[in-house]
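Visitor: Sequence:
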Amino acid sequence: MAGAASGTRAFVGCYTSSGAGGSGVGVATADPGTGRLTVESVVRVADPSFLALSPDRRYLYAVNEGSGAGTATAIDLRSPRPTVLNTVAVQGEGPTHLCVTPDGRHVLTANYGSGSVSVLAVAADGRLGTVTDVAQHTGTGPDPDRQSAPHAHQVSIDPSGRWVLAVDLGVDSVYVYRLAAGKLHRHAQVAMAPGSGPRHLCFHPNGRTAFLANELNSTVTVLDWQSERGELRAGLSVPADLDRGGDRNYPSAPVVAKDGRFLYLANRGHDNIATFAILGGLLVPMGTTPCGGKFPRDLTLSPDGRRLYASNQKSNSVTLLNLHRNTGLPAAPSASLDAPAATCVLFE
Numbered sequence: 001m002a003g004a005a006s007g008t009r010a011f012v013g014c015y016t017s018s019g020a021g022g023s024g025v026g027v028a029t030a031d032p033g034t035g036r037l038t039v040e041s042v043v044r045v046a047d048p049s050f051l052a053l054s055p056d057r058r059y060l061y062a063v064n065e066g067s068g069a070g071t072a073t074a075i076d077l078r079s080p081r082p083t084v085l086n087t088v089a090v091q092g093e094g095p096t097h098l099c100v101t102p103d104g105r106h107v108l109t110a111n112y113g114s115g116s117v118s119v120l121a122v123a124a125d126g127r128l129g130t131v132t133d134v135a136q137h138t139g140t141g142p143d144p145d146r147q148s149a150p151h152a153h154q155v156s157i158d159p160s161g162r163w164v165l166a167v168d169l170g171v172d173s174v175y176v177y178r179l180a181a182g183k184l185h186r187h188a189q190v191a192m193a194p195g196s197g198p199r200h201l202c203f204h205p206n207g208r209t210a211f212l213a214n215e216l217n218s219t220v221t222v223l224d225w226q227s228e229r230g231e232l233r234a235g236l237s238v239p240a241d242l243d244r245g246g247d248r249n250y251p252s253a254p255v256v257a258k259d260g261r262f263l264y265l266a267n268r269g270h271d272n273i274a275t276f277a278i279l280g281g282l283l284v285p286m287g288t289t290p291c292g293g294k295f296p297r298d299l300t301l302s303p304d305g306r307r308l309y310a311s312n313q314k315s316n317s318v319t320l321l322n323l324h325r326n327t328g329l330p331a332a333p334s335a336s337l338d339a340p341a342a343t344c345v346l347f348e
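Using the numbering used here, the first residue of the sequence shown is number 1, and each one after it goes up by one.
Simulated from the structure, these hints should not be mistaken for laboratory data.
Zero decoy hints are in this set.
Restraint-style ranges between C-beta atoms, simulated for each label pair:
1) Gly305 x Arg57: 17 to 27 Å
2) Arg248 x Ala331: 21 to 31 Å
3) Pro290 x Arg78: 36 to 46 Å
4) Asp338 x Ala123: 27 to 37 Å
5) Lys183 x Ser79: 28 to 38 Å
Listed next, the in silico SDA-like pairs over lysine to any residue satisfying Cα-Cα at most 25 Å (straight line):
6) Lys258 x Glu348
7) Lys314 x Ala331
8) Lys294 x Arg146
Even for Gly, the Cβ is constructed at its ideal location relative to N, Cα and C.
Model the full structure from these sequences, guided by the hints.
Guide: Below is the structure:
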């Protein structure tokens, strides 16, 4: 694989229709010593707002957000230069996130514009097939500008591999589904604080705790998860950034350290990374670090857990921050990659 001998391969998503000049998915290599990213080639994909790998890492999938009817793209990683396999409609508008089931047989997309979750079959050769189901969310929230309709923002598989969780910003809810034979069966709709606008969640390595970034009220919520019963309960919420001044803040992506001791949260508006110590069901704020760019849409931990990468959408960059081994705090950005309208980074 390209770059495999000199460093870990990574994929960088960039919006293509935002006017910032993005070309799709950058294929990059991370220097094994410094972590610096170098883009070696680009796969032409329209508006890849999020990326996901197949379990065997032979295929890469992207949701194409754009406007109107949404699509998803399959990319073949088996050759030195990744190539597009196919692009299909997801039967939903504005898909912003996706995941692949543990068996690799289905791709699920969160469709922000239509407030739905789609299930797509995956063929043996990695190509995306037909849509086998669409789960439509309903309802509204108290924010008339952002919550006049459902807006599914993230879909993920829980650590046990048994449940699908869909975070909906528009109706302040996390939906819990069972997936069987390509069909989604709703198990629960778990309400969050009205007007909170939940965006993304991530799990702790223990598989029993999750952390939910709330975009509209600028908080992060601790969640208790019981995979045996598919039961999700909201615990305490804390401010995403203790600095309440300046521009309005919109948290985007939560990430847990490899050892489970710290939570990192990207803040758009304040343009920083907040660090929290994880103490059981509590989050203790430890401070914030400037992300080195504007509007960090996503936050990615390096495979070895020693670095963070912030995808800064409005400054057209991906910045690298080294993590202190003991305190867990990010240092000031040590490197920056030009990435027009950056959306995300995914390591192979």
